[in-house]
Amino acid sequence: MAHSRRHSVLPGFGLTVGCAVLYLSLVVLIPVAAVLLEASGMGWSHFLDTALDPRVLAACRLSFLTAIAAAVINTVFGFVVTWVLVRYRFPGRRLVDSLVDLPFALPTAVAGICLAALYSPDGWVGSLLEPMGVKVAFGPAGIVVALTFIGLPFVVRTLQPVLEDLGVEPEEAAASLGAGRRQTFLRVLLPELWPALLTGFALAFARGLGEYGSVIFIAGNMPMRSEIAPLLIVTKLEQYDTAGATAIATVMLCASFLLLFAINVLQRAASRRLS
Amino acid sequence: MSSDRFRSVVATEPLVLRVALTVVALAFLGLFLLLPLAVVFGEALRRGVTAYFEAVSHPETWAAVKLTLLAAALAVPLNTAFGLCAAWAVAKFEFRGKSVLMALIDLPFTVSPVVAGLMFVLVFGLQGWLGPWLDRHDLHVVFAVPGIVLATVFVTFPFVARELIPLMQVQGREEEEAAVVLGAGPLQVFWRVTLPNIKWALLYGVILSNARAFGEFGAVSVVSGHIRGQTNTMTLHVENLYNEYNFVAAFAVASLLACVALVTLVAKSLVEAVEGFTRRSGSVRGGRSSA
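Residue numbers (the working numbering), protein chains in the order written: chain C, 1 to 275; chain E, 1 to 291.
Because the hints were derived from the structure by calculation, they are not lab data. Please read these numbers as outputs of a predicted model, since none were measured by experiment. Keep in mind that a hint or two might mislead.
[Claimed, not checked] Here's a subset of chain E near chain C, in silico, CB distances under 10 Å, partners left out: (1) Pro132; (2) Trp133; (3) Leu134; (4) Leu203; (5) Ala254.
[What the hints assert, rightly or not] Just the calculated beta-carbon pair ranges, DEER-fashion: (6) C:Leu129 with E:Val23: 17 to 23 Å; (7) C:Gly139 with E:Glu174: 31 to 37 Å; (8) E:Glu244 with C:Gly18: 46 to 52 Å; (9) E:Cys259 with C:Gly178: 22 to 28 Å; (10) E:Glu60 with C:Leu129: 34 to 40 Å; (11) E:Gln127 with C:Arg225: 30 to 36 Å; (12) E:Glu54 with C:Val265: 28 to 34 Å.
No residue lacks a Cβ here, since even glycine has one placed at the ideal position from N, Cα and C.
Model the full assembly from the supplied sequences, consistent with the hints where possible.
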């Protein structure tokens, strides 16, 4: 790290930085700037009118709350799954471990129609829940199910390397000093794991907030009740209301930037703990 | 990993709790991962094998398959080249704005695919910045194939760079510097020193971005205009069929995508196994962050 680039003998500084920055600008920066400029061209009053429209507010609230709910479910169960995968040995563990990545690999639209088929009143799971009066598909509960599917690997894959690196020695030390299992968990393990847990939560939440493909099939998409913010962008675009779509997109972009920042801070905290 | 053979009795849970936790974890994964996967094939074959193959061999399905392959074939190499450039720049040099560059690489992970699609409509659409100019020259980006490729490039943008950067940062630059001092040219350094060190991570990134390119839906949906036989990718075709209540055909096309996903998972596990093996034998010194 003491070298500056002028003293480095390695070739390609100008070429690789130039290419990376040029490509990043073309693919990411200019499109993002287009949204922000379009929004600033709307004027404040028009922008606020659009963004504070009751239907837009309802969609944003729904996206936010369902993403939070799914991220909480994923943090709890993702922790259990990671714990079991890292600490216990059972037949088929490797297979289960690779299955965790399925939501990364399976197209969201495929996940969407599958979950809709599963949880609709005549589906495999829906038909079991129907007699109990539980309706999952075509309502907010269905959205949470879809977002839980999408977000699970983020929690597991963030937590797994940290838990693997941790080893059992700190727990053994705690136990030999007389701590109970619960005490060890709360005072030795959790303080080490919380940055990774929070990072996983934030990643799953960020993904859930913007998710579209897996949700629209199971949500029912009723305005004010089960319409998510990304769907409202698509609806507005289909009605040639570019300004309205841009206003919602701007709000969502700001949320993305905030989450990106939070995730960066959390990941730095997590890596400091590891080293 | 090596510690579990010498697992001490003090630092583990009672057997009942262990079994209970394992059952909870497996039940959760079964309900949320395995069942949806089983449903694809169950629904696709509901009307028998003939109906399945009829749906799969329909000309519109093939047009969609071709378009998806084209988008992936363009987006993945472009992003691989970018990933290599970005990783080389970030890992081998110090420069101002490096952390900003790294943060921006992650941006497509947190941006909603729908917002990504909207961005390209705003730049290239008829009312957009370049729209009038493109229209005068009879070029079509939005509601045409180039838009689909662009949207796919955006959403698969970070994967290769994300895999390579942490690994190359850990590896440092001593080996490359030694090669340069011994008289190797830039290409020789890359092919004979760097590439052998990063090949598995590179392949891993390519597999991930390829899977995402095949499965992208939201961004592509916004820029496509849903023109059948022309701008329909496989995922959009699934949606169209599903919305027309042609469920068997929708699930049949979806089952093709599910097979791609399964192949991806197998390839990923294989790369992880080989990479883990080479890492243990000492040729790869770095670790990889999976997120």
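Consistency of the hints with the structure:
1. Pro132: The hint is violated - E:Pro132 has no Cβ within 10 Å of chain C, the shortest such distance being about 15 Å.
2. Trp133: Result: violated, 14 Å to nearest chain C Cβ.
3. Leu134: With a minimum Cβ separation of about 14 Å from chain C (threshold 10 Å), the hint on E:Leu134 is violated.
4. Leu203: violated, 15 Å
5. Ala254: With Cβ-Cβ at 4 Å, under 10 Å, it holds.
6. C:Leu129 with E:Val23: 17 to 23 Å: Given range 17 to 23 Å: holds, Cβ gap about 21 Å.
7. C:Gly139 with E:Glu174: 31 to 37 Å: Taking Cβ atoms as reference, C:Gly139 and E:Glu174 lie about 58 Å apart, which means the hint is violated.
8. E:Glu244 with C:Gly18: 46 to 52 Å: Check passed, 48 Å falls within 46 to 52 Å.
9. E:Cys259 with C:Gly178: 22 to 28 Å: violated, 55 Å
10. E:Glu60 with C:Leu129: 34 to 40 Å: holds, 35 Å
11. E:Gln127 with C:Arg225: 30 to 36 Å: holds, 31 Å
12. E:Glu54 with C:Val265: 28 to 34 Å: violated, 53 Å
Consistency with the previously given hints fails for numbers 1, 2, 3, 4, 7, 9 and 12, ordered from lowest to highest.
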